[in-house]
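*Asks:* Protein chains in written order, with this note's numbering: chain A, 1 to 223; chain B, 1 to 222.
Keep in mind that the hints were calculated from the coordinates and are not lab data.
Hints are supplied without guarantee of correctness; some may be wrong.
So these bits of chain A aren't anywhere near chain B, every CB distance computed over 10 Å [unchecked claim]:
| id | residue |
| --- | --- |
| 1 | 66 |
| 2 | 93 |
| 3 | 125 |
| 4 | 207 |
Not the full set, but computed from the structure, chain B residues with beta-carbon under 10 Å of chain A [stated by the list, open to error]:
| id | residue |
| --- | --- |
| 5 | 13 |
| 6 | 74 |
| 7 | 89 |
| 8 | 131 |
| 9 | 216 |
Using N, Cα and C, we set each Cβ at its ideal position, and we do this for glycine too.
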Amino acid sequence: MADEIILLDLWASMLGMRVRVALAEKGLKYEYREQDLRNKSPLLLEMNPVHKKIPVLIHNGKPICESLIIVQYIDEVWYNKSPLLPSDPYQRAQARFWADYTDKLNAKSLYELGRQLWLTKGEEQETAKKGFMECLKLLEGELGDKPYFGGENFGFLDVALVTFSCWFFAYESFGNFSVEAECPKLVAWSKRCMEKESVSSSLEDPLKIHGFVIMMRKELGAE
Amino acid sequence: MAEEVKLFGGMWASLYSRRIEIALKMTGVQFEFIEEDLQNKSPLLLQYNSIHKKVPVLLHNGMPIAESLIILEYINETWPDNPILPRDPYDRAMARFWARFIDEKLIWVSWDAYRSKEEDQGKAIEEACKQLKALENELKEKEFFGGDTVGYLDIAAIMVASWFGVMQEVMKVELLTEENFPNLCQWVEKFVDCPIVKECLPHKEKMVEFIRVLLKDFLASR
């Protein structure tokens, strides 16, 4: 019996893009359903009653929430193609640690700092910018001279982080800085990742993301 | 080669460190516990967890792993004879989801409810109860979150087993009541009664006294 896979997502979400990359890596067919977060669908509220957020993966009717948990789930179910997590437990722990670092719901995660970058102005923005660059530099250090965070192969941490790269242009515009100037290896890595079909077909156009951020700033009163 | 397992943890009241102690004992792994003075962190700890500078940190043959939930996964994979995570990928995803929910939402929402001023308390309690209800429903008719035996999510939920009861007494605010959350309360009783958990869990009265002292300025200002 064929698997039924549905993804509830928002086109601009870097967290949703993680799931799209993972699904593409595994060569999986799925139904994409764009969500309006200002007017949440009954399906979204039913499938993620706790957080009411995207992305949500629905596999044969059963929901899985939280992007990194979804990516791990995809990796475990479809384990025989393009494994994302390394097989060694220590390497796995390191990949999870750094992925978590980009993601944790606290003021210091890459995700939160990026958000503050485009949402705030003045001193608050400067603080966010500083924190954001510190995070990126640490991640660049973790990458070192490897082609991917996963080593020779594109892996879990690459999936977790690469989706931020289509947001760099927006961050740079509003934060007035250059990621490439500060983290050239990271930018080279992101370009390398974009050579993969699974990444280039899942990430959004940075200009469109920039337009999205302009719209969000207006909506959230940041203008 | 003999295995070297060390756990850098906080003192007895530090619940995140207790998670790892319980998991290691359940797995039967011999380990050395190194207590960290969190007011005066050792150079070793700062080296092993340079990013967050927190406990617990597991050191396995000289290699450090940080963040309690990540350490639990590591333990599960490294000593697979006594797995703590479910085998089924969907059950695993659920266990991971609820563990994160406890750490990133439930605790904070409940802390808000415990410390709110009287005028805001009603709403904060309502929100906390909503989140507790979600966890209550997840437990359903099971004895433990892990099924018949204690597993990853039960260990993660040590916060629910210990911290809530303590906060209730210190702050005199009732959240986790038997009337509203019969499954969770029954789970707490069973969980704290498990021999390994009993060994590791701080004694409630001792914890209440400790928290009272810790929060004495806050309590005095109320």
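*Asks:* With chain A as the partner, please determine if residue 74/B meets the hint condition of a C-beta pair closer than 10 Å.
*Replies:* Hint holds; residue 74/B Cβ to chain A Cβ min 4 Å, cut 10 Å.
*Asks:* A closest beta-carbon separation below 10 Å is what the hint needs, so does residue 216/B meet it against chain A?
*Replies:* Hint on residue 216/B: violated, closest Cβ of chain A at ~27 Å, above 10 Å.
*Asks:* Once the closest CB in chain B is found, is it more than 10 Å from residue 125/A?
*Replies:* 24 Å, holds
*Asks:* Was residue 207/A rightly flagged as not at the interface, with every chain B Cβ beyond 10 Å?
*Replies:* 33 Å, holds
*Asks:* Hint check: is the beta carbon of residue 131/B less than 10 Å from a beta carbon of chain A?
*Replies:* 8 Å, holds
*Asks:* For residue 93/A, is the shortest beta carbon distance to chain B beyond 10 Å?
*Replies:* Non-interface label on residue 93/A violated, nearest chain B Cβ at 4 Å vs cutoff 10 Å.
*Asks:* Per the CB criterion, is residue 89/B less than 10 Å away from chain A?
*Replies:* 4 Å, holds
*Asks:* Answer holds if the nearest beta-carbon of chain A is closer than 10 Å to that of residue 13/B; otherwise answer violated.
*Replies:* At about 22 Å, which exceeds the 10 Å cut-off, the nearest Cβ of chain A leaves the hint on residue 13/B violated.
*Asks:* With d taken as the least Cβ-Cβ distance between residue 66/A and chain B, does d exceed 10 Å?
*Replies:* 6 Å, violated
Going through the hint list in order, the structure does not satisfy hints 1, 2, 5, 9.
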